[in-house]
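Just need the whole structure built from these sequences, with the hints factored in.
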Amino acid sequence: MNSAALIIAEVVPLVTPETTFDAPANVVFAVQAVVMIFAALRVVTTKNVVHAALWLVVVLGGVGLNYILLQAEFVAVTQFLVYLGAVIVLFLFGVMLTRAPLGVSDDLDNNQKKIGIGVGVALLAVLSYALIETFGRSELTFAAYEGVAGPNTNGRTQAVSDAIFGQYLIPFEMLSLLLLAALIGAIVLARRD
Amino acid sequence: MWFFTHVWIIPALMALSFLLILFFGKKMPKKGAEIGIVFVGAAFVLALLTGGNWIAWSNNNPEGHGPAAEGAALANVDPSCSSVAAEAAAVGEGVEHVEGKTEGKTAGKKAGEGHNEGGHSTEGATAAAPPIGESAAPAAPAAPAATEPAGAEKGGHEEVATRPVVSCINWFENGDQTISIGTLVDGQSVLLLIVVTLISLLVHVFSTDYVHGDRRYTHYFAFLSLFTASMLFFVLSENTLQMIVGWELVGVCSFALIGHWWEEKPNSDAALKAFLTNRVGDIGLLVGVIVLYFAAGKSFSIMDLNILANEGEISHNLLLIGSLCLITAVMSKSGQFILHTWLPDAMAGPTPVSALIHAATMVVAGVYMVARLYPVFFEGLSISGSSVNALSMIGAITALFGAMLAFVQKDIKKVLAYSTVSQLGFMVTALGVGAWTAALFHLFTHAFFKACLFLGAGSLSHACHHSFNMVDDMGGLRKIMPKTFWTYLVATAALAGVFPLSGFWSKDEILAGTGSFPGTEGANGEYHVMLVMLLLAAFCTAAYMTRTIWYAFYGEYRGHGTPHESGPRITTPLIILASLGAIAGIVNLPAAFDFLPEGTQTRFEHYVEPVGLYFPAISHAGFNPALAVISVLVGLSGIGLAYLYFFKDAFAGLHGLAERNKVAAFFKNILVNKYYFDWLYTTVIVGFVKGPLARAANWFSANVIDGTVNLVGKTAVGSGSWVYKNVDQKVVDGAVNGAGSSASGVGAMLRLTQTGRIQQYAALFFAAVAILAGVFVVVIG
Amino acid sequence: MFLNQFLLLSAILFTIGVYGVIVRKNGVLVLMSIELVLNAVNINLIVFSTYWGVAGQVFALFTIAIAAAEVGVGLAIVLLIYRNQRSVDIDELDEMKG
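Residue numbers (numbering that gives the first Met the number 0), protein chains in the order written: chain Y, 0 to 192; chain L, 0 to 780; chain E, 0 to 97.
If you're looking for bench data, these hints aren't it; they were derived computationally from the structure. The beta-carbon is built from N, C-alpha and C at its ideal position, and this holds for glycine as well.
Restraint-style ranges between C-beta atoms, simulated for each label pair: (1) Y:I169 x L:K264: 35 to 41 Å; (2) L:M27 x Y:L80: 42 to 48 Å; (3) Y:P170 x L:K264: 37 to 43 Å; (4) L:R278 x Y:K112: 49 to 55 Å; (5) L:L763 x Y:P100: 25 to 31 Å; (6) L:H315 x Y:P170: 34 to 40 Å; (7) L:S743 x Y:G135: 46 to 52 Å; (8) L:V244 x Y:L80: 34 to 40 Å; (9) Y:I183 x L:S466: 39 to 45 Å.
Calculated cross-link-like contacts (lysine to aspartate or glutamate; reagent style EDC-like; alpha-carbon spacing at most 20 Å): (10) Y:K112 x E:D90; (11) Y:K113 x E:D90; (12) L:K26 x L:D213; (13) Y:K46 x E:D90; (14) Y:K112 x E:D88; (15) Y:K46 x E:D88; (16) Y:K112 x E:E91; (17) E:K24 x Y:D106.
In structure tokens:
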């Protein structure tokens, strides 16, 4: 389990004295990181389709938790609402409608496991090398949020909304168009005729 | 002033009307028609009031020259919609500081505000001329000019700069680019406001009888309203982006109304054809607008663009590219040559729609667009002082070829459609030769008499069991339908350019504007070819219109049933339009007519033509009596020859010539087949793409690409065998075995890559990504 | 906290997602793996938004919306495949073979 080893390698230096150690946040991070990685691995290895969807819930929830740690509350809430609320339900419907085997099934993977592991490890190696080379032990400073928000204000959310409806209005409108197109496309595809 | 800043109410009214008809029309006693008529009537009244105010406003807005006056010329342009206006305001202030004028520091926006306040205090006053003048005078920084308004105006109209009133709101922002939406009010847009609402009102009234009992009656009126709203929105556009929106909206309405009776295949085909042909031109519009956006320093504002183009701030080549792109748009929307094929087919829609959209208003959108962005064309095409350019050439070809096509049509609406194509060609030529006023004047008069002709054709078909075939189903209707006949006759005479009627004045102005006829003074260039082609077109026009009169109104009735005169809701609009078509010429009597009272000549030019920074200094061709006589003679000879041919049966040898003479039959065939343009488009171009081009691509793929692959394969095999024979045999056995197995291993591996399984491709893809990223990170980074 | 602890977590999620895309046979499971990949990207966006302002958050929101659309269309496609093939095994979809 090379990934777990890497995470430990990363978490351990946090306790070195010269860094400002934000204990609760780091503990939360460590716990949820381990849980998330385990859950993500279960999503891609479990032999039960429904279990995969449920493990996915754990991963997505963990991602939401990450957002909170990173002080992006609005995105976190959206993550919970959209992913946990909507996407997972969609997946369960997909499982149901395609009559996927509900119990344990040995036939969920193809014969490319070795290739998959090889590619995955290679990618991870490259990525982690690049990240460690580039960012090393740089601290998370939240520099961008300074001045936007105090501890108990809604400043960041307001800043996000200002950005969406100001600077990024056209991409936003395009997005609504895309959603419309996806809606129509899904109906056209799934309709029986 | 109130009218100019609140002119948005007019399109808003029509949009509201559209929604009301859509939602409540079916429940109304008259199925929604009354909503449309009431709203378009209100819009017409508002447009008239705006027009009256505009006239009063231009009479009271003398301007001087010089930098301070230039700033003042843009005093009513909201600085937030035009960066040039904002700069001009700043410059105006600066100049005043230098000159030490302490009392006149209300340049730019302050002046605009002053006007606004003044306008509000006189709000609702229809004859608001004196108060506006008063409010304008103190606020205008060009104080010296303001003190002598009457003298400056009377002395020479070149001195009078009617200030455009531009107001806008911030539509949305993206990054630092602000997109505004607003209104640009000047003589040109006010003119179109009045024309569009008037024709629309009459068409609404006409339609209540004409499409009575139609299965989509409510839907029809809803779209008439939406069309009017879109056209007004387009006409009032303050920036080019808004123009595109209006342009596409009228296109959509045109599509919906041409296909109003879509159950019949030809109608829906015609609608599609109109839509798709217009799409071709829309690409040109889009590209042109984008080019000009960057040319004008990232601004969509029409004022900015025009002023910069006019002052030579934009390079000639950019303007040339931009104007050529926009000409494509004109070709499609205004039915110019080679993209005109949709317009005759568009006659599949209800006749009032043809009158409103495909004769009087929408198709002039292209002409209007050129007129609106005139500095771009004027500079880009170097109109001044030259003798040929793309715009005038296209216009002249269209005018002549359209008129010739109108000869062979059996369908009365198609005759009128080709006539419209031809007349639009006249307008475009006029713009191309620099006769801006003549083009707009012809647009104005043409709207009346062509709408009258179309509605007359509608009235005829209403009587003849909804047939438009004048050769087979009409005839002898002169006695039965006197009102239709007389109005049709007057409109025909106006179209043919018979002397005192409106068509004469506008057509003559265009002919003079070519500057080619000896003795014409003040034209912008010498466009000899255009003059000849336009005279020929005018001759054809007179002749083919006489032909329609003969077929429709004289001889024996050839249809079935008993025709009858149409009801008052049809004939009243006809009478109004015919009278307007007859007298509209008096609004722009030539300046040479100095025996007339002061201030009655060239009123149209005076009020409609913009004078100022955002309009090029075009010169006006003077009235040339000799040319006028020739143009009348040409028209009359066209009428006379056609009269002799059809009515008196003269030139007996010519009758049935096409049946006897192969050469004549050949030419007639060309005309009947509309120069084979539709054939060219559907059979040659589409067929080529579908057939040979696709086959060629397939052949290329099958023979060249596969051949290359095969060749490579064969070469590999060949060289492999050569290697086998010459090298392999000579090396040690172990190496032979190793080479063989590695070759087969490579082969097997390569075979694996061609499985068609997506996930394998994905695996390969990600592996490649990992390797590439590794190379980048480790080696380069 | 370090930048890298989040970035590495996201890298791990990304690779696990890629592994799932390559290995899983069931169409629905492949879609789930794609969700893992998208979420990994989102974490990155959010991390960097703490450096460069809220643009990252905005784009994370956009990604979430697009992901929702993608799942909708993707499941519709899977459903269509199921209807035609009576199976959602991606292995059996080898019509792309030349």
